[in-house]
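2 protein chains.
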Amino acid sequence: MAFKITILGSSGAVPAYGRMPSAQFIEVENNYFLIDCAEGAQLQLMKFDLHMHRIDHIFISHLHGDHYLGLMGLLFTLHLNKRKNDLHIYSHKGLDEIITLQLKYSKSALNYKIIFHQLTPGKKEVIFENKFVMVETIPLLHKLDCSGFLIREKQKPRRIDKEMLPQNLSILQLNKLKAGEDLLDEVGNVLYRNDKLTLPPRKSRSYAYCSDTQYFEDIIEQIRDIDVLYHEATFMEEDADKALETRHSTVKQAATIAMKAQPTRLLIGHFSARYKDLLPVIDEAKRVFQNTYLALEGETFTIED
Amino acid sequence: MAFKITILGSSGAVPAYGRMPSAQFIEVENNYFLIDCAEGAQLQLMKFDLHMHRIDHIFISHLHGDHYLGLMGLLFTLHLNKRKNDLHIYSHKGLDEIITLQLKYSKSALNYKIIFHQLTPGKKEVIFENKFVMVETIPLLHKLDCSGFLIREKQKPRRIDKEMLPQNLSILQLNKLKAGEDLLDEVGNVLYRNDKLTLPPRKSRSYAYCSDTQYFEDIIEQIRDIDVLYHEATFMEEDADKALETRHSTVKQAATIAMKAQPTRLLIGHFSARYKDLLPVIDEAKRVFQNTYLALEGETFTIED
Chain A
70 MAFKITILGS
80 SGAVPAYGRM
90 PSAQFIEVEN
100 NYFLIDCAEG
110 AQLQLMKFDL
120 HMHRIDHIFI
130 SHLHGDHYLG
140 LMGLLFTLHL
150 NKRKNDLHIY
160 SHKGLDEIIT
170 LQLKYSKSAL
180 NYKIIFHQLT
190 PGKKEVIFEN
200 KFVMVETIPL
210 LHKLDCSGFL
220 IREKQKPRRI
230 DKEMLPQNLS
240 ILQLNKLKAG
250 EDLLDEVGNV
260 LYRNDKLTLP
270 PRKSRSYAYC
280 SDTQYFEDII
290 EQIRDIDVLY
300 HEATFMEEDA
310 DKALETRHST
320 VKQAATIAMK
330 AQPTRLLIGH
340 FSARYKDLLP
350 VIDEAKRVFQ
360 NTYLALEGET
370 FTIED
Chain B
70 MAFKITILGS
80 SGAVPAYGRM
90 PSAQFIEVEN
100 NYFLIDCAEG
110 AQLQLMKFDL
120 HMHRIDHIFI
130 SHLHGDHYLG
140 LMGLLFTLHL
150 NKRKNDLHIY
160 SHKGLDEIIT
170 LQLKYSKSAL
180 NYKIIFHQLT
190 PGKKEVIFEN
200 KFVMVETIPL
210 LHKLDCSGFL
220 IREKQKPRRI
230 DKEMLPQNLS
240 ILQLNKLKAG
250 EDLLDEVGNV
260 LYRNDKLTLP
270 PRKSRSYAYC
280 SDTQYFEDII
290 EQIRDIDVLY
300 HEATFMEEDA
310 DKALETRHST
320 VKQAATIAMK
330 AQPTRLLIGH
340 FSARYKDLLP
350 VIDEAKRVFQ
360 NTYLALEGET
370 FTIED
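If you're matching them up, the sequences are chains A and B in order.
Numbering-wise (the numbering used here), the first sequence opens with residue 70 and increments by one.
Numbering-wise (the numbering used here), the second sequence opens with residue 70 and increments by one.
Isolated chain A (complex conformation):
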């Protein structure tokens, strides 16, 4: 099953040089999530041929305009495209009021239902969970209440070892094996030990989106050893004072968080418009954490099974 992160925007507060503000489209185990939804997000979804109508959950990290101002346009487009399914929106306090007010003045009733989920500032909490995937918030440190999102696959079933498998097992028995159980005979004696017929489960993949935040080591424990970490990197180290003033991170700080949390890959984004050329940016990151990538528009990062 796929686990893919597609970047819709890599820019900080102001769009620049074709770079758009924050939004990411995530596909994981047939779930489709949007994380942040800046102005132009719907245009990017169209441009990169992503299926906006499949999105059932939208996670907004905080209420700075460059993280949510594309939401209202997307909601109207989904309406005009005759969406019927419920849409879940997760955000800190205020977004429901903003959406409701704009619907009121446009005299529009959407032909689908929006279900708002209000995030708790400063608190790690599970906000979405189904059989395969869970999403929890990552409390960040910014000028506004701001949460990152950690998307994790749940523990997977053990894999049947086809070479060792006796013939004529029932589906019920196969499911028991996948769930880690031994197979018993009618009176309760072990027919087959589970570890003889199965292999360990595939690993559960994980992605963390950390936007916007000043350097904040509290997040490290929660994101340790994940597969892919996105961390904002608005400024270069030479502008560290500007980063602190605006409660953002430098590239070096983002890479330092990665160095300490040890994801397989680090993605950086939310670049200030002062940097036209991003080569020095990626260089600054790689000096601290080698396996870093620029999270640029249209790039898809796949986490292999």
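A hint or two may mislead.
Identical copies go unnamed one by one, so any copy, or any two together, can satisfy a pair.
With a cut-off of at most 30 Å between alpha-carbon atoms, the simulated DSS-like pairs for lysine-lysine come out as follows [said to hold, decoys possible]: (1) Lys162 - Lys231; (2) Lys176 - Lys212; (3) Lys182 - Lys162; (4) Lys345 - Lys231; (5) Lys192 - Lys176; (6) Lys193 - Lys212; (7) Lys193 - Lys176; (8) Lys116 - Lys272; (9) Lys162 - Lys151.
It is worth saying that the hints were derived from the structure and are not from the lab.
Note that the structure is a prediction, hence the values are computed from the model and not measured.
Following the hints, put chain B in place on chain A, whose structure we already have.
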């Protein structure tokens, strides 16, 4: 002096095929106006190298999302670009509340002042006027309170006829001639008759923006004989029932308004996403009003002096 209309968006409610929703940038006599400001308007201003910081007046026709959802992002970008000048925003009731609420939740105080001007539904009124230009509303007929905008140069000064001009006239005397006055001697006798030394003023140019509206002949009197008329043309005549249902115009209806009002040129836009190919659209218009143009992204229409 320039009178130029640059199209930022030609699409109806949903962006499609690279067509963006409504926004236009107008330069007239060193005044810079934005009319409507859909999602992506700031991107288009950047793309076409237009000077967003020069815009002091933004006119929003109505509060459907495809006509104003780019405003908040533009306001933040102007703020981050350190705008200081007052910004005037003209809209029907609600937009001030929408902006104020979003500023509240972003905990942002803009470093310039916004001055709201609330339009009166159904009433023609002058909303902006300076020495050279005036803007008045055009009441339209749509699902929401909706106004078009008529931009007119004021009566211009008479032109000095250099071939007939005596030497050694003072600046004061030249200004009197431009204002249409005769030149008198000290006791009040006519020294020079105005019509001997001046030529008629250059004509006052005019542009009308009519969006969104069903076919509405009431507007014709107000826009008669203007230079350029923009009229929405959301649907083709074959979808006239859809046009009526959604309170929009067909291409043929837009052209019929032009035929009756006799502007020099007609621009049409706000095209439904159902029409990928716009050749049949322009054909339908030209059958009724020959001098019609598609108002496409990046096109600039200049009204010559």
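Cross-check of the supplied hints:
no.: 1; hint: Lys162 - Lys231; result: neither (51 Å within a copy, 69 Å between copies)
no.: 2; hint: Lys176 - Lys212; result: between (33 Å within a copy, 9 Å between copies)
no.: 3; hint: Lys182 - Lys162; result: both (19 Å within a copy, 26 Å between copies)
no.: 4; hint: Lys345 - Lys231; result: neither (54 Å within a copy, 52 Å between copies)
no.: 5; hint: Lys192 - Lys176; result: between (36 Å within a copy, 21 Å between copies)
no.: 6; hint: Lys193 - Lys212; result: within (18 Å within a copy, 45 Å between copies)
no.: 7; hint: Lys193 - Lys176; result: between (37 Å within a copy, 23 Å between copies)
no.: 8; hint: Lys116 - Lys272; result: neither (33 Å within a copy, 45 Å between copies)
no.: 9; hint: Lys162 - Lys151; result: both (28 Å within a copy, 28 Å between copies)
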